[in-house]
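Colleague: Sequence:
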Amino acid sequence: MMNATHNPAQGEPTPVVRFLKNWNNKLTGDYFTSIRLRGEKYRRGNTLKLLLWERGIYRTLGQVRVVEAKPLRLHQITPYISYLDAGMDVDRTKEMLYHMYRERVPDVNQADFVLVLFERVKGGQTQGRLF
164 MMNATHNPAQ GEPTPVVRFL KNWNNKLTGD YFTSIRLRGE KYRRGNTLKL LLWERGIYRT
224 LGQVRVVEAK PLRLHQITPY ISYLDAGMDV DRTKEMLYHM YRERVPDVNQ ADFVLVLFER
284 VKGGQTQGRL F
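Residue 198 in this note's numbering sits at position 35 of the sequence shown, with consecutive numbering throughout.
Watch out, some of these pointers could steer you wrong.
[Stated by the list, open to error] Below, a list of computed lysine to any residue pairs in the SDA-like style, where the Cα atoms sit at most 25 Å apart:
{"id": "1", "residue 1": "Lys285", "residue 2": "Pro242"}
{"id": "2", "residue 1": "Lys184", "residue 2": "Ile244"}
{"id": "3", "residue 1": "Lys233", "residue 2": "Arg218"}
{"id": "4", "residue 1": "Lys285", "residue 2": "Glu203"}
{"id": "5", "residue 1": "Lys257", "residue 2": "Pro176"}
{"id": "6", "residue 1": "Lys189", "residue 2": "Pro269"}
{"id": "7", "residue 1": "Lys257", "residue 2": "Pro242"}
{"id": "8", "residue 1": "Lys257", "residue 2": "Ala274"}
{"id": "9", "residue 1": "Lys184", "residue 2": "Lys285"}
{"id": "10", "residue 1": "Lys257", "residue 2": "Lys285"}
{"id": "11", "residue 1": "Lys184", "residue 2": "Thr196"}
{"id": "12", "residue 1": "Lys285", "residue 2": "Arg228"}
{"id": "13", "residue 1": "Lys233", "residue 2": "Lys285"}
{"id": "14", "residue 1": "Lys233", "residue 2": "Ile220"}
{"id": "15", "residue 1": "Lys189", "residue 2": "Ser245"}
{"id": "16", "residue 1": "Lys184", "residue 2": "Met259"}
{"id": "17", "residue 1": "Lys204", "residue 2": "Trp216"}
{"id": "18", "residue 1": "Lys184", "residue 2": "Leu280"}
{"id": "19", "residue 1": "Lys189", "residue 2": "Gly208"}
{"id": "20", "residue 1": "Lys257", "residue 2": "Arg201"}
{"id": "21", "residue 1": "Lys257", "residue 2": "Arg236"}
Just so you know, the hints here were simulated from the structure itself, not pulled from any lab data.
When you get a sec, could you build the whole thing from the sequences and use the hints?
Modeller: Encoded structure:
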């Protein structure tokens, strides 16, 4: 799976943030969080293309900017974080993260995550529904 799409205007790839599900219906707001594996694209000020998996394809929901990214380990997830981010309790959130990342890191319990606060970029293009 590619982590970027080509942006001809800038001559370089545009990083993307993909969601398989709109947990807690959070992607409709101007600000939302996501727990992700630590990576360069989640640095403060970076702009990413927001994609959501719907009906077999990734749909573009515009662009988001990283407002803040706080380091996080699974054992640090609190009910406050889990309900706000995923709309589920701590154990279910940890289970979801385990299934999402178990093939990408040697030990999910020791992995370096970040709790990312995203801000929707106003005026960004969005892709309309195809069906």
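Colleague: Within 25 Å, alpha carbon to alpha carbon, are Lys233 and Lys285?
Modeller: 24 Å, holds
Colleague: Between the alpha carbons of Lys233 and Ile220, is the straight-line distance 25 Å or under?
Modeller: Roughly 30 Å between the alpha carbons, so the hint for Lys233 and Ile220 is violated.
Colleague: Below or equal to 25 Å on CA atoms is what counts here, so check Lys285 against Glu203.
Modeller: 23 Å, holds
Colleague: Run the distance test for Lys184 versus Met259: straight-line Cα separation, threshold 25 Å.
Modeller: At roughly 11 Å apart (the allowed maximum being 25 Å), Met259 and Lys184 satisfy the hint.
Colleague: Are the Cα positions of Lys189 and Pro269 separated by 25 Å at most?
Modeller: Distance of about 29 Å is beyond 25 Å: violated.
Colleague: If you draw a straight line from the CA of Lys257 to the CA of Pro176, is it 25 Å or shorter?
Modeller: 31 Å, violated
Colleague: Is Lys184 close enough to Ile244, meaning Cα to Cα at most 25 Å?
Modeller: It holds: about 18 Å lies between the C-alpha atoms, which stays within 25 Å.
Colleague: Going straight from one Cα to the other, do Lys257 and Arg236 come out at no more than 25 Å?
Modeller: Since the Cα atoms of Lys257 and Arg236 sit roughly 10 Å apart, the hinted pair holds (cutoff 25 Å).
Colleague: Please work out if Lys285 and Pro242 have their alpha carbons no farther apart than 25 Å.
Modeller: Between Lys285 and Pro242 the Cα gap is close to 31 Å, so the pair fails against 25 Å, i.e. violated.
Colleague: Given the proposed pairing of Lys233 with Arg218, does the C-alpha separation stay at or below 25 Å?
Modeller: The hint is violated at about 32 Å.
Colleague: Verify the proposed pairing of Lys257 with Pro242, using a straight-line Cα cut of 25 Å.
Modeller: It holds: about 11 Å lies between the C-alpha atoms, which stays within 25 Å.
Colleague: Is Lys184 within 25 Å of Lys285, Cα to Cα?
Modeller: Given that 25 Å is the threshold and the Cα spacing comes to 22 Å, the pair holds.
Going down the numbered hints, you'll see the structure goes against 1, 3, 5, 6, 10 and 14, while the others check out.
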